[in-house]
Amino acid sequence: MQHPLLESLQPQPHPGIPELHVGDTVRVHARIVEGNRERIQVFQGVVIRINGKHSAGASFTVRRIASHGIGVERTFLLHSPRIEKVEVLRSGKVRRARLYYMRDLQGKASRLRDRSEA
Amino acid sequence: MKGLLGRKIGMTQIFDEGVVVPVTVLQVGPCYVTQKKSAATDGYSAIQVGFEEVKPKRLSKGELQHLRRNQLPPLRHLREFRVKPEELDQYQVGQKLTADVFAPGDRVDVTGTSKGRGFQGGVKRHGFNRQPKTHGASDRERAPGAAGSGTTPGRTYKGHRGPGHMGNERVTVHNLTVVRVDAERDMIVVRGAVPGPRGGLIILREARKQG
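In the order they appear, the protein sequences are chains A and W.
Residues 1 to 118, numbered by this note's numbering, are exactly what the first sequence covers, in order.
Residues 1 to 211, numbered by this note's numbering, are exactly what the second sequence covers, in order.
One thing to keep in mind: the hints can contain errors.
[Unchecked claim] A few chain W residues that face chain A, going by a derived Cβ cut-off under 10 Å, partial list only:
1. Ile9
2. Gly10
3. Met11
4. Gly18
5. Glu141
6. His174
7. Val178
8. Asp186
9. Met187
Just so you know, the hints here were simulated from the structure itself, not pulled from any lab data.
A virtual CB, placed ideally from N, CA and C, is assigned to each residue, including glycine.
Isolated chain A, as found in the complex (with noise of 0.2 Å):
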């Protein structure tokens, strides 16, 4: 049970981002600041966690295949006004809460079934 006081400073649920689950392929529009000037940049993958879903600090991470095969893994904190919104373009059918074997895995062996499907 948390204080009243404290439950008052829980970050509200972003607006631009929707309910994630892990295994779900997003976009990540994430605002970057450069010195003065702001851009928007994307960022595509799978989202393979999600840490501390309640708390203040909550973050999740996505995964995605750069050139040449590299794999290259971001975490975003979930309730960052850095973060412009969220799309999911698909969901997963996944069995774990923590993917990690996504990183031994690629090509078709990293595929994920959809959730619908299952």
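Once you've looked at the hints, dock chain W against the given chain A.
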């Protein structure tokens, strides 16, 4: 000198322009000015501040009468804050002090009682180095090592660090920034950590070393 009494509620994090700020939430006040001390009557100038209403039976007759004389409710904690003589007139006995004596951006010193750690060894208490776990060492991993030289001086110097009781002492953290103030809910949020357990009594003062 501005000051308040309060309780530590707990820590969380908030976003400030995209940057995560670690903060401690404090419940401060409502506090009351319970007594004014001036150079004429007491030899120094200060205000006595009370915090947290309690049932009258929790206080002694002396404490009760001290408060009742000024139509104040029974208060659990009384602490003094030194005030410059010329600032003493800003305060009236019976006056209510709320969180908004501080504003966001102010620097404050926060005093509390650190968490009691019990009897601890030198490694935890003073950051002594551990000794080797392997290479023939036995039973000496966290031993304090030597406490001084040999025949000269033939004794251990006074004040040498060693194992002993740790924590449960008065600790002041200087120059914390006030991030948020909500007088309606008696809440002050400061950047950084504050000594003591959640629910511990906290004394907030204007920072001594400004700048």
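Evaluated hints:
Restraint check, Ile9(W) versus chain A: the minimum CB separation of about 5 Å is within 10 Å; hint holds. Among the interface hints, the one on Gly10(W) holds; its C-beta lies about 5 Å from the nearest C-beta in chain A, closer than the 10 Å criterion. For Met11(W), the shortest C-beta to C-beta distance to chain A is roughly 8 Å, which falls under 10 Å, so the interface hint holds. With a least beta-carbon distance of about 4 Å to chain A, the hint placing Gly18(W) at the interface is held under the 10 Å criterion.
Given hint, Glu141(W) at the interface with chain A, is violated; its Cβ is 34 Å from that chain's nearest Cβ, farther than 10 Å. The beta carbon of His174(W) is not positioned within 10 Å of any beta carbon in chain A (closest approach about 24 Å), and the interface hint is therefore violated. Because the smallest distance between the Cβ of Val178(W) and any Cβ of chain A comes to about 14 Å, over 10 Å, the interface hint for this residue is violated. A distance limit of 10 Å between C-beta atoms decides the matter here; for Asp186(W) the minimum to chain A is near 9 Å, and the interface restraint holds.
Restraint check, Met187(W) versus chain A: the minimum CB separation of about 5 Å is within 10 Å; hint holds.
The earlier numbered hints that this structure contradicts are 5, 6 and 7.
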